[in-house]
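Novice: So you can see what is in the structure, the chains are spelled out below.
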Amino acid sequence: MSYIQKPTAFHPALKKNKLGLTRRDYEGAMSTLCAGCGHDSITAAIIEACFKLDLPAHRLAKVSGIGCSSKAPTYFLSRSHGFNSVHGRMPSITTGANLANRDLIYLGVSGDGDTASIGLSQFCHAMRRQLNMTYIVMNNGCYGLTKGQFSATNDKTSPSKKGESNLFEAIDLAQIAIQLGAGFVGRSFSGDKAQLVPMIEAAMSYNGFAFLDVISPCVTFNNHPGSTKSYDYVRGHNSVLDKLDFVPAEEEIEIDYAEGTTSEVDLHGGAKIHLHKLDTGYDPTNADQAINTIRTRLNKGEVTTGLLYFDGREQDLHETLGTSERALNQIPISELCPGSKNLAPINDRFR
Amino acid sequence: MSGINDFVVKFATVNGSGSASANLMFAKTLFRMGIPVSPKNIFPSNIQGLPTWYEVRVSGDGYLARRDGIDLMVAMNAQTYENDLKQVVSGGYLLYDSTLPRKFTRPDVTIIDMPISKMCAEHWADTRQRQLFKNMVYVGAVAALIDIDLGVLEGVVASQFKGKDKLIEPNLKALHMGRDYIQANYACPLPIKVTPGNATDGKILVSGNEAAGLGAVYGGASVCAWYPITPSTSLAESYERHAKALRMQEDGKKLFGMVQAEDELAAIGIAIGAGWNGARSFTATSGPGVSLMNEFLGLAYYAEVPLVLFNVQRGGPSTGMPTRTQQSDVLSCAYASHGDTRHVLLFPTDPTECFTFAAQAFDLAERLQTPVIVMSDLDIGMNDWVCDELDWDDAHVHDRGKVLSAEELDAMPDWGRYKDIDGDGITYRTIPGTHPTKGAFFTRGTSHDESARYTEDGVVNAQVMDRLLTKFQTAASILPKPVSDIRDESSRIGIIYFGANRPAVMEAMDRLRDAGVVANALRITAFPFAEEVRAFADDHDRIYVVEQNQGGQMRQLLMVEADIQRAKLISILNYDGMPMTAEFIRARIGAAESHAKIAAE
Ligand SMILES: Cc1ncc(C[n+]2csc(CCOP(=O)(O)OP(=O)(O)O)c2C)c(N)n1
Ligand code: SF4
Ligand SMILES: [Mg+2]
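The listed protein sequences correspond, in order, to chains A and B.
Residues in the first sequence are numbered from 1 upward in steps of one, following our numbering.
Residues in the second sequence are numbered from 1001 upward in steps of one, following our numbering.
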C-alpha cells in the first residue's frame, strides 16, 4: 500500500513532528474514565511516544481486552484501527492480526485482571511465541470496571478499600515475562511520564515481544492508604534501576553522565536506548539477575522500575515460523490459490 | 443378498499394531479394480492395545452406506472373537489366526484357520516385524479368498511404499505367504468375491479432512490456528501438508502462517484477528472446542469479522464418544454464543464437497463478513470415501466482498463501518493500514452505532441487530442451494437429510421404491435455509428428517427457521455413533408409511 502521507496545513501554535503531525493528531475520543485514573496518564504517554516516534498512525493497530484499561485505546490514535475484543483474549487477536500483516506495529493494551487472571494463558503463550508486539498492562491491582475486586497482581499485604485483607500472593507479570521469553521487559508508573514515554518508544521500536507493566492507580477503588498500588505508595517505594533515553535512528545525542554508568543498547531499526544506570551493578541482559533483583526488592516492599530485561536477539514469531517477508494480507488470493494444474497430480494420489 | 461385488468384510485388529496401512491397501486395491468400497474405521480413543475394526462394504452398485451383517470377518484380535463371530451372517466366513487354535460355536459360519503368528515367527526374527507383517499376511489371505487381482494389489503396495523401497519386498513376501497358504488349503475363491469393473472411473478415494484442508489452500486461507482434537486434527494437518507443498516461496519462506494454539479460545482468536486484518483465516475443531469458542463466535458475529470454522462433529454430549460420529452440534452451532446470534452453516455431504465447500466458505465469510461454520463429521472427515475427483475452475474469482481500498475510501466521504448503503445488510469494511487518515474505526463487541462508536442507546443498537438479520436473509440467497432428488412429482412423501447420511438415504429410497413406496428427497447444504426448503415442505405431506442426534436438531431448526409445521416433520434418528445404515432408515419409513396407509384406509 503506497499511500504517501500528505503534510497537514501549517498551524504555528502546535509543534509538529517529521510527518507534520501534531500531538492532537495522535489523540482519540474524550476519555470516560474517572478523573485522576492512572490509565489516562498512560494514554497521554502513548500519544506522546507515538508523536515523538513520528509514527504514521495508520501503520499501527491497537488491540485490547475488556476493562477500564482496555477502553483506553479509544482515547488515543483515532486514526489507527482498533479492536476491543473480549476479556483476556487480546493476545490471540493480536497474534492473528500480526500473522496476517507483519508490517504494522501492534500495540496491545490490557489490565491486570485481563492479563493475570482470565487471560494469563494467552499472555504466556504470546510471549513464548515471541510475537512482535508491545503489550502494556495498566496495572491497578484491582478490577476497576467491575467495581474494585482484588486482581491477581494485588499484593497480599494490600487490603481493599473497605479493609478486607487479600488472601493470596500476587502474580508479578514482569517476572513471568522474563521467564517466558519476552525480549523486552520494563516496568514503570503512570505518574512518571519521564520514565514511561521513552520506555514506550523503545518498546514499540523493539522487534519481538515487548512487555510493559505500568502501575496505574485506580483512584476510585485502590488508591487508599493501605494499598500498594496507590500513587503515594509507588512514589514512596519506587526503586528505579536505570534512566532510559530513547534515541531514534539517525539521531545522536550527547551523553553527560559519569563514565561507566551509561550503556548503549542497539535496536534492529537503528534506534538506540541509552541506559543511565542508577544501580551500576545491574545488567538488564541477565535474566537471572533481573528476576533476583526484582524479588529481593519486592520482599522489601519496593517496586522495581526501569528496563528490567533486554534480549538483543530481537527474535519474533515470523522468523520462527519461516513465513514470507511479504504481508500475507497483501498477497492477492489468486496468487495463493494453486489452480487446477496442481490438482491433477493430487487427484492421482487419491486413486 | 451378498455375492459378487456385494459383501462386507471386517478386519478386527488391535490398535497400534500397524493394521491401518494394510487395511487401506486392501480398500485401495478394490477401488483400483473399479469396485466401489466404503471403508469405515471403528477405532478406540486410545493409542495402543485396544480393539479396533475396519469395516469395508464392497458394492458394485455403488451403495456406500454401512451395512449390518458381516460376510467375511478377519478376526485378528482374540479379545473380541466372541463378539466378532456374532456379527457374521449365517453362511458367512471367519478367518482367524489359528496359532492358538480355538473352537467357534457357530455351525452356520465357515471358519478359516491360518496360523498367521506362527508363519510370521518362522519367517521374521524381529518381533516388531513379526507383528507388522501379520497384517499383510491376512490381506494376502483375503486376496485369495475373494479373488483380488494380484497385479493391482502389488501395484498398491508399491505405491504405498514409494520412497521407502526397502519395505516393498518384505510386504510382498507377507502378501504371498498369506495368499499361498489359503490357495493351498482352501477352495478359492469364495462365493463372495470381486470382479473388476469401471464404477470408480473419474472417482477418487479420499477422506473429508484431507479434502477440506486442501480446499482451504485453494480457498486462499493464509492463516490457520488450531488445537488438536479428534476428529478434526487431520484437517489442520492436511492444510499444513498441502500448504507446504503448494505455498512456498523460492527462498523457502511460507506463504501461510500456522500456529498450534494453546487452546481453542486462542485458536479462534487468532483466526478472528487475522480475518479482521484482511487475511483469509480458519480454525478446525470438534464439539468441545466449539463450546470453548462460543464467546469469540459471538464477537465475530457482532463485530462482523470473517473467518471459517470447521467443526468435524463427534459423539456428544461432553467429551462423549471422541472416536464416533454424530451430527449433534447443529443447534449449538446455528446459535453459538449468548445473545441473539446466528451463524452460517454449510453441510458437506462427502469429501468432494468438503473440498468445494471449504474453498467456497472463505468467499462466503468475506462476502458476508461473518463466521462460516463448515459442519463435517467424523464419518466424512476421517473415513475414506469413493467420491468425485476434485475439480478447480481456474476462472473462479475469489470474492473478497465489500473491502474498501484507499481510493474507494476517498470517494466515499460519509463512510461508516456499519452503514448499510446497499440495503442487503452487508456494509463496507476497511483493513488496518489502508489509508493514512480515513477508514480507521474501533472494532468492538459492545453495542455500537453505524460508525462503530460505542452507544448505550438501545434503539440504535437494535437497528444494528436488525440490519444483521437483513444480512442473514441475504446469506440465505447466496449459500449453496439444497439438492433435491424428485423421483415422483406426485409423491407426498419427502425425506430431508444432510451431511454424511446421503448414501444411506439414497439406498433406502431405492429399497422403499422396490416395495412401492416412492419418496422424494431434499438434501440441506446450508443454513440459513434457502427458499427451496420451504417449497419442498409445501409439496409434501409427511417429511422424514434423517439425522444423527437424539434431539432431532435439524427438525427443530426447520420448524423455527423455515416455519414448517411440526406435525409434518417425522424424525428418523440414530445416535449410537456409527454411520447410519440404509436398512435403519428403510425400516422406519416403511413402517410409518404402512401405518399411514392403514390410517388413510
Ligand atoms: C468473560 C467475561 N467475564 C467477566 C467480565 C466482566 N469484567 C469486565 S472488566 C473485568 C475486570 C477488568 O479488570 P482489569 O483487566 O484489571 O481492568 P481495569 O478495569 O482494572 O482497568 C471483568 C471481570 C467480562 N467482561 N467477560
Ligand atoms: S474505576 Fe478505577 S480503573 Fe476504572 S476508570 Fe475509575 S479509576 Fe480508572
Ligand atoms: Mg485492573
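Mixed in with the good hints there might be a few duds.
Going by beta-carbon spacing under 8 angstroms, a handful of chain A positions derived as facing chain B [said to hold, decoys possible]:
{"#": "1", "residue": "56"}
{"#": "2", "residue": "85"}
{"#": "3", "residue": "93"}
{"#": "4", "residue": "95"}
{"#": "5", "residue": "100"}
{"#": "6", "residue": "104"}
{"#": "7", "residue": "160"}
{"#": "8", "residue": "283"}
{"#": "9", "residue": "337"}
{"#": "10", "residue": "350"}
Rather than coming from a laboratory, the hints here were simulated on the basis of the structure.
Every residue, glycine too, gets a C-beta built ideally from N, C-alpha and C.
Novice: Which numbered hints are broken by the structure, listed smallest first?
Specialist: Structure breaks hints 7 and 8.
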